[in-house]
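Chains as they are written, first to last, in my numbering: chain A, 1 to 118; chain B, 119 to 714.
Keep in mind that the hints were calculated from the coordinates and are not lab data. Predicted model, so just to flag it, every value in this text is computed and none were measured. Just to be clear, a hint being listed does not mean it is correct.
With a Cα cut of at most 25 Å, we get these calculated DMTMM-like pairs of lysine to aspartate or glutamate [stated by the list, open to error]: (1) B:K275 <-> A:E83; (2) B:K268 <-> B:E320; (3) B:K281 <-> A:E44; (4) B:K377 <-> A:E44; (5) B:K630 <-> B:D526; (6) B:K654 <-> B:D510; (7) B:K281 <-> B:D404; (8) B:K654 <-> A:E83; (9) B:K281 <-> A:E54; (10) B:K602 <-> B:E637; (11) B:K268 <-> B:D257; (12) B:K122 <-> B:D192; (13) B:K602 <-> A:E83; (14) A:K32 <-> B:E249; (15) B:K377 <-> B:E590; (16) B:K275 <-> A:E44; (17) B:K281 <-> B:D192; (18) B:K268 <-> B:E326; (19) B:K268 <-> B:E249.
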Amino acid sequence: MKTLLYMMTSLVVLGLAFWAYRENYTTQQVLKDTRSLHRQIATEQARIAVLRAEWAYLNRPDRLQELADLNFDRLSLLPLRPEQFGRVDEVSYPPTDDVIEFTNGVEVSSFGAEGQLP
Amino acid sequence: MIRKPLRPLAQIITAREKGENPDVIERENLAERHAEMQTKARQRAEGRLLVLCMFFLMAFTAIGVRMGGLATSDPVEPIASTASGSTIAMQRADIVDRNGRILATNLETHSLYAQPPQMVDPQHVATQLVEIFPDLDRDELLEDFTGKRKFLWIKRKISPEQKQAVHDIGDPGLLFGPREMRLYPNGSVAAHVLGGAGFGKEGVSAAEVIGVAGVEKEFDGYLRDPANGGRPLELSLDLTVQAASEQVLMGGMRLMNAKGATSVLMDVHTGEVISVVSLPDFDPNDRPRPPTSGFDPSVSPLFNRAVQGVYELGSTFKIFTTAQAIDLGLVNAQTIVDASGPMRIGRFPIGEFNNKNFGKISVTDVIINSSNRGTGRLALQIGPQRQQEFLDALGMFDPTPIEIVEADGGQPLKPRKWGELSTVTISYGHGLSTSPMHLAAGYAAIANGGRYIRPTILRQAAPQTGTRVMSEQAAAESREMLRKVVTSGTASFGEVPGYQVGGKTGTADKPKPRGGYYESKVIATFAAMFPAHDPKYVLVVTLDEPSVIAHGEERRSAGWTAVPVAGEMIGRIAPLLGLRPQVEPDWLSDITLTSN
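The following block holds chain A by itself, in its conformation from the complex (with noise of 0.2 Å):
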């Protein structure tokens, strides 16, 4: 009976220490995926960073000027005045040609017809 106690004490002994080896390997493998994950996410943030102030530098105002004044012949493009605003009655809307055809039109005349409404 008591050996039976020491061998079972032993071989617990030994499954916690199995089980506290394989934490640890676990714990320090996760800890270098987190890293490896943040230096990923540094390098894809300084990417983003560089493409961000790329962005800006093209979008600089002298640039877009400059880009203007090259294609004025194709874009006409000037410098917003006063007299450019307009009110919505003077928008002519796109003349309407070609005529809609209800082919198969629903009947709604008739009191109640709701739920007919396509």
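Keeping the supplied structure of chain A fixed, place chain B upon it in accordance with the hints.
Chain B in isolation, oriented as in the chain A frame:
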């Protein structure tokens, strides 16, 4: 185990035959057995002691080794908590404009340094480096490489192409270190506000980026604080408006042959400075060194005229005098005041522009005609004490509170003794020197209905409440007068159809550095607000030493120089600010007046 019997039969029989006592044999054997048992027990105990000793020895050795290890190792943070993201953030936050467009950001580059002891072929390296960087000197490099030095910086910042070229030299003595550098993608746009950045403490693997001027220096702590998590600093500037203002002002400055120019555009309710230009300017990416010689700091492009340029701004101050007189109930816009000459304070004559004499005119006409004598007499009614209190409330005696390091340098100059003469001259803007930013804040108080609000360079979420410095009525009447200056006074070139500009011109002789005034050098200022019936923005344009030939004569007054530039600027930036041109409503103040 076979135990030895205590009374072996053979021995007992033998002893009996010899007549001896057989019990002796038994005792002998018993004693022998006991001795054997003792030896055994002692051996066991000794064994146990040994094991125990070994155990304690090992335990103490283990503890000792661990303690020794802990004592000799460097302290490090446990790495179990790598989850915090702050380590990833850039070391310096971005600066963005009010719409989130980048004004300043960081870029990763490399620095180049050399370790001569590890260098294989110094001659070749020096020749190749000079080919890549033409500004380096080959002989100097060679001297450094072959001398006693163990370490030297070659370049602080190099581009990826240059890095590759240096890499291709392939010498183990040339090494690169990572560097984060500050980049201003818009070049010289808003240069004076941003200031610039430089390197602080430098190491091989990193360098500290510190702000050296402008908001970069003012908010250095905020920008570098990791607790902000890389949140950008939001300025009140609008990049588009800023760029347009700079363009118009640059054109105006050239056209008017001015030495320098500045403009301030300020929201009258929030105090946000939407654009602030000072010309000539510089590129903050390559900030020039401050001038080490020369008497006048204002010739340097680093000089921020908008906040540091402290000048007498001339007649633009007249509206403060009339506004205070109306506020105090001394007059109203229609009251006739004496603007006739001659007028003397002590032994000093008070004259008018072009030696005019306006006679008795209304307060409105005093402003429209910009009469020195009229405002002077109003100021005498107000008195020096109340005048000082009013100007102090408008922030004219302290540096502007705007958050740019240079603003502290804009300490207004006021007379040491504020007597009657000072009261009269200051009433029309001479004798008190302020920056254009001061003037903008003062005009904002008139524009927003009588509350002084602090100009700020940071984006505001809500309008400022501000302290009341004059009544709504005084502010409204002042606005109407300012509008009339543009419709029928000295600032007629400032009319922009649809935006109802109101403003006041000011032309002041430039003071000589050693006292006295120049004959033919002026500071021309136009302080405006638009739309005048419900002002949203205040614009101050100042030209330094303008001179233009118009209608056959040389003209320097603000009406011919600063006003057209300001008019063009308003026409250009008001649409960008989203202001719709509108038909001018009738002024309602006349109706209010008849009801009094």
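Exercise. For which of the previously enumerated hints does the structure constitute a violation, in increasing order of number?
Worked result: Hints 1, 4, 10, 12, 14, 15, 17 not satisfied by this model.
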